[in-house]
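Number of protein chains: 2
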Amino acid sequence: MPKTIEVTELILRDAHQSLMATRMAMEDMVPACEDIDKAGYWSVECWGGATFDSCIRFLNEDPWDRLRKFRKLLPNSRLQMLLRGQNLLGYRHYEDEVVDRFVDKAAENGMDVFRVFDALNDIRNVRQAIKAVKKAGKHAQGTICYTVSPLHTVTGYVEMAEQLVDLGCDSICIKDMAALLKPQPAYDIVKAIKEACGEELRIHVHVHATTGVTMVSLMKAIEAGADCVDTAISSLSLGPGHNPTESLVEMLEGTPYVTKLDKSRLLKVKEYFAGIRPRYKEYLSNITGVETEIFDSQIPGGMISNMESQLKQQGAADRLKEVLCEVPRVRKDAGYPPLVTPSSQIVGTQAVFNVMMGRYKVLTGEFADLMLGYYGTTLGQRDPEVINLAHKQARKNPITCRPADLLKPEWDQLRSSGLALKGCNGSDEDVLTYAMFPQVAPKFFSTRQEGPKNLGKDPSAKPAAAPAPGGNAETGKGPVM
Amino acid sequence: MPKTIEVTELILRDAHQSLMATRMAMEDMVPACEDIDKAGYWSVECWGGATFDSCIRFLNEDPWDRLRKFRKLLPNSRLQMLLRGQNLLGYRHYEDEVVDRFVDKAAENGMDVFRVFDALNDIRNVRQAIKAVKKAGKHAQGTICYTVSPLHTVTGYVEMAEQLVDLGCDSICIKDMAALLKPQPAYDIVKAIKEACGEELRIHVHVHATTGVTMVSLMKAIEAGADCVDTAISSLSLGPGHNPTESLVEMLEGTPYVTKLDKSRLLKVKEYFAGIRPRYKEYLSNITGVETEIFDSQIPGGMISNMESQLKQQGAADRLKEVLCEVPRVRKDAGYPPLVTPSSQIVGTQAVFNVMMGRYKVLTGEFADLMLGYYGTTLGQRDPEVINLAHKQARKNPITCRPADLLKPEWDQLRSSGLALKGCNGSDEDVLTYAMFPQVAPKFFSTRQEGPKNLGKDPSAKPAAAPAPGGNAETGKGPVM
Ligand SMILES: [Co+2]
Ligand SMILES: [Co+2]
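Taken in sequence, the protein lines are chains A and B.
FYI, the numbering for the first sequence is 1 to 481, going by the numbering used here.
FYI, the numbering for the second sequence is 1001 to 1481, going by the numbering used here.
Be careful, since some hints might not be right.
Derived DSSO-like pairs: lysine-lysine, alpha-carbon spacing no greater than 27 Å straight-line [as the list claims (entries may be wrong)]:
id	chain 1	residue 1	chain 2	residue 2
1	B	K1038	B	K1194
2	B	K1268	A	K321
3	B	K1263	A	K332
4	B	K1332	A	K263
5	B	K1072	B	K1003
6	B	K1321	A	K38
7	A	K321	B	K1263
8	A	K422	A	K105
9	A	K268	B	K1321
10	A	K69	A	K3
11	B	K1422	B	K1396
12	B	K1281	A	K281
13	A	K3	B	K1191
14	A	K191	B	K1281
15	A	K453	A	K422
16	A	K312	B	K1268
17	B	K1138	B	K1194
18	A	K138	A	K69
19	A	K260	A	K281
These are computed hints drawn from the structure, not numbers from a lab.
Given these sequences and hints, build the entire structure.
This is the structure we're talking about:
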């Protein structure tokens, strides 16, 4: 009997986030839901920070309403979301009560599976969210952000998996947002976690397609015992997106593994989104091939374009090479954080500052916070001299505690501020929307009654003043912390 | 010690054939040659039927001159070509002396490795070419066209490999022109051939990327013992093309396999062709994603578009579904030929005829020839009733001998006809050019002195009356037989 490999479909969240700047309107997803629901997926990822943000920033859509619609449209499916641990869907750490309330409301509105991660892999930053998910009776998926550095080892990832299991996680996700996970490490990490934690521990693998090797990594992860992999329907796959769902199904033919996906349903979903895709062409990623340089530079493509535009703004476009050489140095000094949002922006901007003004002559507020522990802890030791500079410039003390431990209860304040906004409907959901995006929510509440804008249908509906989406498609954008 | 996996670079032949309609001018390849030459490839594929055709049909370039230039520009590299067995680079069977003379001249002008195949996998159609290659002291690579049918088995492929070895082949190529080769069969076939023929028999694997699974197939083929795989530099890869060279290098990191490719050279080649690619945008394939339907339909994408346009011409575009259902029937009746040029066009056109006029009411001349054995033998038995119809309509008897056995010596006639053409330079190379493309060569000879046209540089140089390239990018196009 072949082993069934389960699949999480990404089309409703990460796929359009990675390939069309998170702009897909709910209206354009609805017609595909029946086929998605009946195709046999283990789960359907459909909610996260960037989609939430995009809903209120660009689409004039209530993200909670979107979730409730998904719940109705996908009655047979586990709904899955990506949750940034103590940051929830926002860009700062929230006090624990806010975490609890957010998770409760997401569960109440229909969420089944919470993939909880922290950009620094600081386990303390995911603890409260996982606890809340378990309390709500939902599936808590503890997440390991995969990165490469002299300090990141298979053993380290296994230890993190064990800690996540100890927190009560129902499954582990190995999350490779930058397409860095090669076949052999994919095999080794899955194998080692299974050996350490037991065969029955579910392991999910999330990879992007950017570097052209990760379909092979999925195969190797499956051979090592992975239970579920993430893919996106082919018409919205590849490039900075994901490996195609249909290819995964075909890849396994004749092997000791099989999916239970219904190919005729997949074909319908494919054809449907092939029709939708061109409507969003102004948002489409123009990367359709692969990029392998990231393996050597460790600098994701989106981060390079961010740094390029920062340099251009300062009339120093010719200094990109220096900045690219500076990045690994800054990353090392910061204790080898994975380079994903927000750490990629923080490290990248500091590298630009270092080249333009001299090394660590000026620290950004965010970099100082990172050095001082306000984002959490890093695997590597942070450089004591740079910590000292950060301490002096930011006039803050370094901390070693969990960052959220410094926060005072804030729910009541958030609630009263939220309720005071014009158009707020008085629900806890609205308060949470305000709490996540205090700069964007007020305008959204005030225009909500105008109804959703479909930017694919009517590109002119795009608000002229809206900021462009940030560099990293994975975890959203905007101001940090 | 990791095993070194060798690589054949396809950028100079199959990559631009598959992705930009074979239009790349020699001028645009020259600057990349030094880096290609020093990157550490096992071979550089740079010549074949479609590039030869395109040279004289579109680019006003002497294909023999191109070969001699490659020889000078790539002094450290094995030059490799694709040779259609008894068809050489043309669309009919040639008498053995022409085969011998062609191979001799190709060798003399610098060719090292001859990948010899027959579209029907009829070993008799590759015998003479392989003999000629061996006589010229060059590398003869016997080729198995991979296809899927109820009759095609691993055992069958192993037997074909053994026969190719018996003919004196220096290596075996498994050639998957339609991206049908899944990981498990890739593993099984390579493994079984190695077991039957010995570990020391070199096995090369050629796959396209169309279906999104073949990078995994390369990994599995390597695990089974494959010695060399074909890839294309990333900036001209994927879609109907090939897996990216750089991704292959990275994929193997940490495994028991390694390439000896120089990544910094690859990066230069990549960046160079990334700059060239947009200049050919009017020829670029607009398929950048994957297509997996071919696994079920067995009908390559190019073949579907051919049939669609045939139906449109007859005002019957609405009957495509019927035709698609008819194709497997026709293929079965024809003895399950692999669906590649020319068999894909022959089977596809007959399916259109069957739907439009009633099953086998009218046979095309080519389909009749196929049924009567004039292309060679097929793995499956051809349907006796349809053979009978072909016999009646074509007024030809079925044959079972090697088709070329029926041909009379023709070199002297070809030579005198070729030499009589205006602009012919009197060389055997020119005679061979005429022999391969008797309809195109006369015009080419008469305009040759005007020098090459670079369609990327100056799209207006495109001859207005030139026919569009045919459906299948693999083995050329144009009239058949
Ligand atoms: Co992702
Ligand atoms: Co090919």
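Given hint K1321/B paired with K268/A - CA-CA distance at most 27 Å: Holds, at about 16 Å.
Do the alpha carbons of K191/A and K1281/B lie within 27 Å of each other, as the hint requires? Distance of about 45 Å is beyond 27 Å: violated.
Sort out whether K1396/B lies within 27 Å of K1422/B, counting only the CA atoms. Not satisfied, since the Cα-Cα distance of roughly 36 Å exceeds 27 Å.
Just to be careful, I want the Cα atoms of K1332/B and K263/A compared with a cutoff of 27 Å; is the pair within it? With Cα atoms ~24 Å apart, K1332/B and K263/A stay inside 27 Å; holds.
Pairwise hint evaluation, K321/A against K1268/B, where the allowed Cα distance is 27 Å at most: holds (16 Å)
Please verify whether K1321/B and K38/A have alpha carbons no more than 27 Å apart. holds (25 Å)
Does K281/A lie within 27 Å of K1281/B when you go C-alpha to C-alpha? holds (18 Å)
Does K1268/B lie within 27 Å of K312/A when you go C-alpha to C-alpha? Judged against 27 Å, a Cα distance of about 25 Å means the pair holds.
Assess, step by step, whether the Cα of K138/A is no farther than 27 Å from the Cα of K69/A, and give holds or violated. holds (19 Å)
Would you mind confirming whether the straight-line C-alpha gap from K453/A to K422/A stays at or under 27 Å? holds (20 Å)
Hey, K1263/B versus K332/A, does the alpha-carbon distance stay inside 27 Å? Holds - the C-alpha atoms of K332/A and K1263/B are around 24 Å apart, at most 27 Å.
Pair hint outcome, K321/A versus K1263/B [Cα-Cα no greater than 27 Å]: Roughly 18 Å separates the two Cα atoms, so the pair holds.
Hints 1, 5, 10, 11, 14 and 19, counting from the list given before, are not met by this structure.
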